[in-house]
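Colleague: Build out the structure end to end from the sequences listed, making use of the hints.
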Amino acid sequence: KTTLEPLQDAIELSRNQGDFEFAGYTTIAYTIHLFFIGEPLTVVAKQYHKYLELMTTLKQSFAPPFINIWQQLVANLMSIEVINSPTLLKGEYLDETKILPWLIETNNHSSLFAFHLVKCMLNYWFNDFEAAIAQAQLARPHEMAVTGLLLIAELNFYESLARLAHAQSLATGDTTALIE
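Residue numbers (my numbering): 5 to 184.
What the hints contain is simulated information worked out from the structure, not anything from laboratory work.
Cβ atoms here follow ideal geometry from the backbone N, Cα and C, with glycine treated the same way.
Where hints are given, some of them may not hold.
Unchecked claim - In the SDA-like style, the derived pairs of lysine to any residue whose C-alpha atoms are separated by at most 25 Å in a straight line are:
| no. | residue 1 | residue 2 |
| --- | --- | --- |
| 1 | Lys50 | Asp99 |
| 2 | Lys50 | His37 |
| 3 | Lys54 | Glu16 |
Unchecked claim - Distance windows between CB atoms, simulated:
| no. | residue 1 | residue 2 | range |
| --- | --- | --- | --- |
| 4 | Asp23 | Met148 | 50 to 58 Å |
| 5 | Thr46 | Thr7 | 19 to 27 Å |
| 6 | Trp106 | Phe26 | 18 to 26 Å |
Modeller: Pasting the structure below:
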């Protein structure tokens, strides 16, 4: 929680100094921290909306897709949307069938990493461990884009949890390759 105030200060300072790009990067860090420190999802959703508007006003095109991925995750978890599958990122903020090809086409590696991390987490939370592992592997090629952010540690954490959970469902001889 101690990271939030300095990140908010950095966003405001960089905005006031006209360094909108740095404001964008700091906003991404802030939104990540806000989710992972365990703030109530209603608070997270409001802050995501606020900072998405700021990034749009500052014309920072790289940050909104990143924030939208997390907004849709929060919406899925809050069940704001009527969805057939809680692991599908499709709703008010994002349609994964449209955003994923665009992220690939535009080489938006930080958002690609976030997309696959979020899908890994959702699949883990909703007990599709094989899909969680597959999403973690899809995130790996994009790690360099998020170096220094909390996200790599989160991917390692959720991938490890998914591998352990999946290993429990396999016969004893089949687990060695999965855990390696």
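Colleague: Does each hint hold? Answer for all of them.
Modeller: These are the hints, each one checked on the structure:
no., hint, verdict
1, Lys50 - Asp99, "holds (20 Å)"
2, Lys50 - His37, "holds (14 Å)"
3, Lys54 - Glu16, "holds (13 Å)"
4, Asp23 - Met148: 50 to 58 Å, "violated (23 Å)"
5, Thr46 - Thr7: 19 to 27 Å, "holds (20 Å)"
6, Trp106 - Phe26: 18 to 26 Å, "holds (25 Å)"
In terms of the numbered hints stated before, the structure departs from hint 4 and from no other.
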